[in-house]
Amino acid sequence: MKRENIITVENLTKTFGDFTAVDHISFEVGKGEIFGFLGANGAGKTTAMKMLIGISRPSQGKAQVAGFNVLTHPEKVKLNIGYMSQRFSLYNDLTIKENIIFFGGIYGLSPAILKAKSRTLIQELGLQGMADSLVGSLPLGWKQKVAFSVAMLHDPKIIFLDEPTGGVDPITRRQFWEMIYREANRGVTIFVTTHYMDEAEYCDRVSIMVAGKIEALDTPKNLKQHYQVDSMNQVFLKLARSGQ
Amino acid sequence: MDIILENIGKSYKQLKALEHISFEIRPGELFGLIGPDGAGKTTLFRILTTLLVQDKGHASVAGYDVLKQYREIRKCVGYMPGRFSLYQDLTVEENLSFFAAVFGATITENYDLIKDIYVQIEPFKDRRAGKLSGGMKQKLALCCALIHRPKVLFLDEPTTGVDPVSRKEFWEMLKHLQEKGITILVSTPYMDEAELCDRIALITEGKILQINKPQTIVDSFPRKIYKVRTSDTYRLIQDLKAYPKTHSAYPFGEYLHFIGNGEHFKGDDLIHFLEGKDHLQIEVFETKATIEDSFMDLSRQTVRNV
Chain A
1 MKRENIITVE
11 NLTKTFGDFT
21 AVDHISFEVG
31 KGEIFGFLGA
41 NGAGKTTAMK
51 MLIGISRPSQ
61 GKAQVAGFNV
71 LTHPEKVKLN
81 IGYMSQRFSL
91 YNDLTIKENI
101 IFFGGIYGLS
111 PAILKAKSRT
121 LIQELGLQGM
131 ADSLVGSLPL
141 GWKQKVAFSV
151 AMLHDPKIIF
161 LDEPTGGVDP
171 ITRRQFWEMI
181 YREANRGVTI
191 FVTTHYMDEA
201 EYCDRVSIMV
211 AGKIEALDTP
221 KNLKQHYQVD
231 SMNQVFLKLA
241 RSGQ
Chain B
245 MDIILENIGK
255 SYKQLKALEH
265 ISFEIRPGEL
275 FGLIGPDGAG
285 KTTLFRILTT
295 LLVQDKGHAS
305 VAGYDVLKQY
315 REIRKCVGYM
325 PGRFSLYQDL
335 TVEENLSFFA
345 AVFGATITEN
355 YDLIKDIYVQ
365 IEPFKDRRAG
375 KLSGGMKQKL
385 ALCCALIHRP
395 KVLFLDEPTT
405 GVDPVSRKEF
415 WEMLKHLQEK
425 GITILVSTPY
435 MDEAELCDRI
445 ALITEGKILQ
455 INKPQTIVDS
465 FPRKIYKVRT
475 SDTYRLIQDL
485 KAYPKTHSAY
495 PFGEYLHFIG
505 NGEHFKGDDL
515 IHFLEGKDHL
525 QIEVFETKAT
535 IEDSFMDLSR
545 QTVRNV
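Chains as they are written, first to last, in my numbering: chain A, 1 to 244; chain B, 245 to 550.
Keep in mind that a hint or two might mislead.
Facing chain A, from chain B, some residues (calculated, C-beta under 8 Å) [what the hints assert, rightly or not]:
#1 Asp-407
#2 Tyr-494
#3 Glu-536
#4 Phe-539
Keep in mind the hints are simulated off the structure, nothing from the lab. Don't be surprised by glycine CBs; every beta carbon is placed ideally from N, CA and C.
Pulled out of the complex, with its shape left as it was, chain A reads as follows:
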């Protein structure tokens, strides 16, 4: 049974002058997969991700995300994906409800649909008393959970998560991953970067970038077997170090 690919990347490259940040990478991500995109700082992860979400033009090569070519239709890519990061997720000066309405509006959801989704979201997260609280007053872990739900408002096929759990307390971190599992179970593709190596273990497959290239791509189990180590942390240390 051939699985549908939500991301197809072929020789994707990004250069800045004579510096090659992303060096002809190729890979595919299937529908419903939880795909971990790892790499040391400066390895080219963020640059690669920016190309995939349609905010940076590839210098060479191609990529197809959610059915659209990132070079020719970046705007279509943006409309059909979800995105959240550690650095930015929601507007601190708006309430939870206001953030939902704002982002839902950007994604073109009608007021009626938005109202219903807003209610469901608030209920599922148990935020009934807090819908009119400023997001800035929420603890980080809660903010990230809300941000994740907001990124899913328009039912995208794939969601990009850029270090979503940095600094979040260990319990909320896991609740966040339970939300990820639930969406993956529904068929949403998850593309996630993280520096928590235990989270790398939750992924179906993991890729590790070193100096602009993908040096490893496999299931966590196979990677550990190949490098003869017990944990993804050790796989990472063996691989990422070699690029320095």
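We have chain A already, so just place chain B on it with the hints.
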């Protein structure tokens, strides 16, 4: 004692950032303040480095009171705050010269202290600090915090957002610094880094959960933990949530960490339950607690985010 806190409290309007914080840090100790975002770590650091005045309690650093003798403290501590704090437009070398001058020191007089770290960024000494990679910025910030040979070093989340390789290297640098007799107080949300400290304080929502050597904390974990895995992780999580004998079940990488209700709970009970739910490739075995397990169990008892 190099750092003493007695009943420190601090609130920002309604929010109690710190409550009843009391502990002591010995000279030359590598002490970890372990807790997530919002726990109060930065507030505590700002009080100890005399940047913020506490509402309640007393504190002293290197024998000086944080309120009455703050000028003395500022001369003998090094501080690396959470976000990159150096001058982006100055080069590596210019930043270092600047901080040395501000403290009335020279780069040469204390070079032995920073040498091991500085040699790693020396090839880039004419590059503007703003153009350095994350790992290099960290190393430069550390050098600038050490240039005046402080007695006490405060590092506020120096490894947040940094990849595991750079994190490991950073902690190796800290161990070397400790050998030179500097007292180091580090905060981090990474529970695995706790194991590298001499003693740690687990902190959440402004309160201390426990203070001890990391080994003592895990050795005294009061319950049995089982590592659990089956071929269907998602279903496993759902089934364990519904299982009445579950005290807690959380993903921990490859396996779930499961704690059963009551003293008489047996691993076999769990296996039977999972077989009954048609799980395949069932693995259940006892495992030792980690700092993260301890933190989560302690914070469940005090906080309402269960």
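### Task
Could you check if B/Phe-539 really has its C-beta closer than 8 Å to a C-beta on chain A?
At about 6 Å, which falls below the 8 Å cut-off, the nearest Cβ of chain A leaves the hint on B/Phe-539 intact, so it holds.
### Task
With a cut-off of 8 Å on the beta carbons, see whether B/Tyr-494 makes it to chain A.
5 Å, holds
### Query
Once the shortest beta carbon distance from B/Glu-536 to chain A is found, is it less than 8 Å?
Given a least distance of 5 Å, the restraint on B/Glu-536 holds.
### Query
Can B/Asp-407 be said to touch chain A, with a Cβ gap under 8 Å?
4 Å, holds
Violation of the numbered hints given earlier is absent; every hint is satisfied by the structure.
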